[in-house]
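K.L.:
Starting from the known structure of chain A, fit chain B onto it as the hints suggest.
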Amino acid sequence: MPTDSDVSTAMNERNESIHGVACTFRSPSDVFHAAEKVRDAGWKIWDVHTPFPIHGMDQAMGLPRSKVPRLTLLGGVTGFITGCLLTWYMNSYDYPLVVGGKPYWSPIFPFPVMYECTILFAAFGTFFGQFILNRLPRHHHPLFDLPQFARTSDDTFMIVLEARDKNFHLDESRNFLLSLGGQEITVIRE
Amino acid sequence: MAHAPEHSTDRPEILDRVNPAELPRSKLILNDRGFHWITDKVCGIVEEPTPLWWKVTFAVALFIASFTGAGLFYLVSTGTGTWGLRSPIGWGWAIVNFVFWVGIGHAGTLISAILCLLRQKWRTSINRAAEAMTIFAVMCAGIFPLFHVGRVWFAWWLFPLPNQNGIWPQFRSPLEWDVFAVSTYFTVSTLFWYMGMVPDLGAIRDRAKTWWRKAFYSVLALGWRGGNRQWSNFEMAYLLLAGLSTPLVLSVHTIVSFDFAVSNVPGWHTTIFPPYFVAGAIFSGFAMVLTLMLPLRAIYRLHDVINQYHIDNMCKIILATGTMVGYAYATEFFIAAYSGNAYEKFAFVNRAFGQYAWAYWIMVSCNVITPQLFWFKKIRENHALVWIICLFVNVGMWFERFVITVTSLANDYLPSSWGYYSPTIVDIFTFFGTFGFFSVLFLLFVRFLPLLPMAEVKMVTPQADPHAH
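From first to last, the protein sequence lines stand for chains A and B. Using the working numbering, the letters of the first sequence correspond one by one to residues 1 to 190. Using the working numbering, the letters of the second sequence correspond one by one to residues 1 to 469.
Chain A with its partners taken away, still in its complex shape (with noise of 0.2 Å):
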């Protein structure tokens, strides 16, 4: 338990110009094993970039389930439901047409329309959730600046530990970083 005046010296030196202390590590088992430490550490605002997504890390990281789904089933219930007004007001209401004597509407005959605009719809929620829960499209991120950064698309690991999370000390969570195995440490300026 940090004490009132840990967090105070904290807070002191905690420069509002710097964003975070980033760390490399080498392999997937070492990046794994150091985000289950931070995870336990308490830590809440941080991020493990990798090349590719890491089997186990969302537990490895405590994350919660992704928020995806529920843009998915809102997409997919708006596109049922657009579906079925569509037809209906197109067909029935705004100009009825008698065609081999089939009703104005029926659930039956338009529902390969119905059917494609509920996955149409679902799919847009999906596409388009995804990109605003990851606050993207953003081009001027801090991170964009440390030149190892370039690296994690490639083979490299990296834990960016964040300024903003209380648990935030320069040279604690630089040591701490340090104790987990890291390889390159650097600060990182907003």
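No wet-lab data here; the hints were simulated from the structure. One or more of the hints may lead you astray.
As the list claims (entries may be wrong) - In silico EDC-like pairs for lysine to aspartate or glutamate, Cα to Cα no more than 20 Å straight-line:
#1 A/K44 - A/E172
#2 A/K44 - A/D155
#3 B/K27 - B/E381
#4 B/K345 - B/E332
#5 A/K37 - B/D465
#6 B/K209 - A/D154
#7 B/K209 - B/D40
#8 B/K41 - A/D155
#9 B/K209 - A/D155
#10 A/K37 - A/E162
#11 B/K121 - B/D32
#12 B/K209 - A/D145
#13 B/K27 - B/E332
#14 B/K209 - B/E47
#15 A/K44 - A/D145
#16 A/K37 - A/D171
#17 B/K214 - A/D154
#18 A/K44 - A/D58
#19 B/K214 - B/D40
#20 B/K27 - B/D304
#21 A/K37 - A/D165
#22 B/K41 - A/D154
#23 A/K37 - A/D58
#24 B/K214 - A/D145
P.N.:
The following block gives chain B in isolation, referenced to the frame of chain A:
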């Protein structure tokens, strides 16, 4: 891309009492290639100076594509009569080519979506190129119904948009269902393809040396940072899009088959059409994937990433779906005989022995007989032969659609109005050119976008497992 953790902590009790044998698994990536090798290989394709073969092929493809341009220009400036469509054959090459190209696209979605849900890890190596193939094939397909409407400048009436006549699309028609199915298919496939590509575009951006390359790929990568918080949403979205694309792809060719099955023409009005069309679509699509991937594998030396295991699997899918298609041909005959319906019986006897018997037997030999060669390992290992067999399948599947469309219309209920259909030079130009159009798009994709999904290929390597030692 999403897989459940494979390392379960509950160890079955039986394992303590027996000595389990190690079953050798086929390796997905040969020669223990590392992460950096994969990045270098895939980014290298985009970063190298434009190779000569690419320039030559691109020029040839552009030239071939101009045939579609010429065909369509002549058609629009003169009229739909320049196509070989005459009563009683109102649907000729246009619908044949449409179904052919849409069918090709289906393999891409099968690989990206259905094999993802089935956790087939080998799909990762061919996934991206197959998805690109889907999108470009659907674009080629779209040309035909679009121009078949006659006055192409009114094609937007197909969509539920208010027009000056104050009338709306008519949703009781399977052709209108097709508009929704194919446009949804195109949109969802494009979203899925692009979303899967974002992390790889980020990898190309991170390696970019020149400012224009950096700018181009930065815009496309949307600022992707590869943080696990992002991957978590990304993987969930990927899984959901796979789950949405699966019923979608099955519905698209089902609805395409409704164009025929919902009519009452003998030979079309059958309930077997949806599954039969879907199997045929996957069959033709895999043949096209191999037709494209075998040369690319040789040119870019991708033998470690696309190895014999991948080629074997694709050949086996072609064998399975080809056999299903053959079974469907047989079932159609049986049901026609069993139905006791004179018109239905005639339609099928006429297909096999009537005026279009030549087309029917091309179809049977290419689709049913040739793929049976894939039973033999020696043949699956001979890649030149695999490529040639795939060309046969492509030809056979085009003829299947020709046989279905034309034979039924040429000889239906009234012998007094029977006819014989032949395409005109305009038909031939338009169709021939679509191969160029497709190649132009595919070559641009190969040159400027990541050909293989790097992140996904890295994920299936043994060293990606955080519990590996």
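K.L.:
Please work out if A/K44 and A/D145 have their alpha carbons no farther apart than 20 Å.
P.N.:
23 Å, violated
K.L.:
Verify the proposed pairing of A/K44 with A/E172, using a straight-line Cα cut of 20 Å.
P.N.:
Holds: A/K44 and A/E172 sit about 16 Å apart, inside 20 Å.
K.L.:
Does B/K41 pair with A/D154 here, judged by a C-alpha cut-off of 20 Å?
P.N.:
11 Å, holds
K.L.:
For the pair supplied as a hint, B/K27 and B/E332, confirm whether the alpha-carbon distance does not exceed 20 Å.
P.N.:
41 Å, violated
K.L.:
Take a quick look at whether B/K214 and A/D145 sit within 20 Å of each other, Cα to Cα.
P.N.:
14 Å, holds
K.L.:
Given the hint that A/K37 pairs with B/D465, test it: the Cα-Cα distance must not exceed 20 Å.
P.N.:
18 Å, holds
K.L.:
Holds or violated: are the alpha carbons of A/K44 and A/D155 at most 20 Å from each other?
P.N.:
25 Å, violated
K.L.:
Between B/K345 and B/E332, does the CA-CA distance stay at or below 20 Å?
P.N.:
Distance of about 10 Å is within 20 Å: holds.
K.L.:
Between B/K214 and B/D40, does the CA-CA distance stay at or below 20 Å?
P.N.:
17 Å, holds
K.L.:
Has the given pair, B/K209 with A/D145, been kept, meaning a C-alpha gap of at most 20 Å?
P.N.:
15 Å, holds
K.L.:
Given the proposed pairing of B/K209 with B/D40, does the C-alpha separation stay at or below 20 Å?
P.N.:
14 Å, holds
K.L.:
Against the 20 Å threshold, does the CA-CA distance of A/K37 and A/D165 hold or violate the hint?
P.N.:
Within the cut-off at roughly 16 Å; holds.
In this structure, the earlier hints numbered 2, 13 and 15 are contradicted, and the remaining ones agree with it.
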